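Trainee: Chains as they are written, first to last, in this note's numbering: chain P, 1 to 111; chain Z, 112 to 226.
Everything labelled a hint here was simulated from the structure, so no lab data went into it. Because the structure is a prediction, the values reported are computed rather than measured. Warning: the hint list may mix true and false statements.
To be verified - With a straight-line Cα cutoff of 30 Å, these simulated DSS-like cross-link-like pairs (lysine-lysine) come out:
| id | chain 1 | residue 1 | chain 2 | residue 2 |
| --- | --- | --- | --- | --- |
| 1 | Z | 120 | Z | 168 |
| 2 | P | 76 | Z | 120 |
| 3 | P | 81 | Z | 214 |
| 4 | P | 81 | Z | 168 |
| 5 | P | 103 | P | 68 |
| 6 | P | 57 | P | 68 |
| 7 | P | 76 | P | 103 |
| 8 | P | 76 | P | 57 |
| 9 | Z | 120 | P | 103 |
| 10 | Z | 168 | Z | 214 |
| 11 | Z | 168 | P | 68 |
| 12 | Z | 214 | Z | 120 |
| 13 | P | 68 | Z | 120 |
| 14 | P | 68 | Z | 214 |
| 15 | P | 57 | P | 81 |
| 16 | P | 81 | P | 103 |
| 17 | Z | 168 | P | 76 |
| 18 | P | 103 | Z | 214 |
| 19 | P | 103 | P | 57 |
Spelled out from the first residue to the last, the chains are:
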Amino acid sequence: GQNIDQPTEMTATEGAIVQINCTYQTSGFNGLFWYQQHAGEAPTFLSYNVLDGLEEKGRFSSFLSRSKGYSYLLLKELQMKDSASYLCAVRVAWGYSTLTFGKGTMLLVSP
Amino acid sequence: DSGVTQTPKHLITATGQRVTLRCSPRSGDLSVYWYQQSLDQGLQFLIQYYNGEERAKGNILERFSAQQFPDLHSELNLSSLELGDSALYFCASSVAGGQTNEKLFFGSGTQLSVL
Numbered sequence: 001g002q003n004i005d006q007p008t009e010m011t012a013t014e015g016a017i018v019q020i021n022c023t024y025q026t027s028g029f030n031g032l033f034w035y036q037q038h039a040g041e042a043p044t045f046l047s048y049n050v051l052d053g054l055e056e057k058g059r060f061s062s063f064l065s066r067s068k069g070y071s072y073l074l075l076k077e078l079q080m081k082d083s084a085s086y087l088c089a090v091r092v093a094w095g096y097s098t099l100t101f102g103k104g105t106m107l108l109v110s111p
Numbered sequence: 112d113s114g115v116t117q118t119p120k121h122l123i124t125a126t127g128q129r130v131t132l133r134c135s136p137r138s139g140d141l142s143v144y145w146y147q148q149s150l151d152q153g154l155q156f157l158i159q160y161y162n163g164e165e166r167a168k169g170n171i172l173e174r175f176s177a178q179q180f181p182d183l184h185s186e187l188n189l190s191s192l193e194l195g196d197s198a199l200y201f202c203a204s205s206v207a208g209g210q211t212n213e214k215l216f217f218g219s220g221t222q223l224s225v226l
């Protein structure tokens, strides 16, 4: 099975930078995804990493270290609308497979 | 809008009852996934269908069942409902069966309340 850990909650200030960490333990690895979910809404795709390193997409970047079973999502120039839950999800390596999600990190951005 | 349609948005029912949740995937997507989300457990995978056939099974209770029809829409049936089944149920779709970089697109969910 898979075990995915993220902090439960984080707070940050508008305009700041925040890093949300995710560690995972899995018997196989075939990619890591980050999703954003506003309260009561559907999760929406943010980023994908399968190789080590940093993927940058506008204000959001995601990093992966496969040897450490570690990823982070970096959010820059925080805006109030970034207040949401951020879900880390792992796909295992055995052929076609689903995504297993962590419990999510609730980020609160204050003025 | 993800292109994934779920109905109904809200469902209130009593313990012991049976309900059906419906999902239409994005145009062209062959896979449908069902997830259950509760405050304490997070987003839990229930079951996946690919082109009409069951592809993967997660922590789905025996009281729950699903199917995918020839037009690729899917239904999740929940029976003998218990208070603990109250949760947000999401349907997601993807273009194929879950290849490496394949994203899941989520519907807006069905909020089930069992009283």
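Trainee: For each hint, tell me whether it holds in the structure or not.
Mentor: Status of each hint after checking the structure:
1. Z:120 to Z:168: Since the Cα atoms of residue 120 of chain Z and residue 168 of chain Z sit roughly 24 Å apart, the hinted pair holds (cutoff 30 Å).
2. P:76 to Z:120: Status violated; Cα separation ~34 Å.
3. P:81 to Z:214: 23 Å, holds
4. P:81 to Z:168: 35 Å, violated
5. P:103 to P:68: 20 Å, holds
6. P:57 to P:68: Measuring from Cα to Cα gives roughly 23 Å; hence the hint holds.
7. P:76 to P:103: 23 Å, holds
8. P:76 to P:57: 11 Å, holds
9. Z:120 to P:103: 23 Å, holds
10. Z:168 to Z:214: 18 Å, holds
11. Z:168 to P:68: Between residue 168 of chain Z and residue 68 of chain P the Cα gap is close to 28 Å, so the pair holds against 30 Å.
12. Z:214 to Z:120: Distance ~23 Å between residue 214 of chain Z and residue 120 of chain Z Cα, so the pair holds.
13. P:68 to Z:120: 40 Å, violated
14. P:68 to Z:214: 24 Å, holds
15. P:57 to P:81: 17 Å, holds
16. P:81 to P:103: 21 Å, holds
17. Z:168 to P:76: 38 Å, violated
18. P:103 to Z:214: 18 Å, holds
19. P:103 to P:57: 23 Å, holds
The structure fails to meet hints 2, 4, 13, 17 from the earlier list, while all remaining hints are met.
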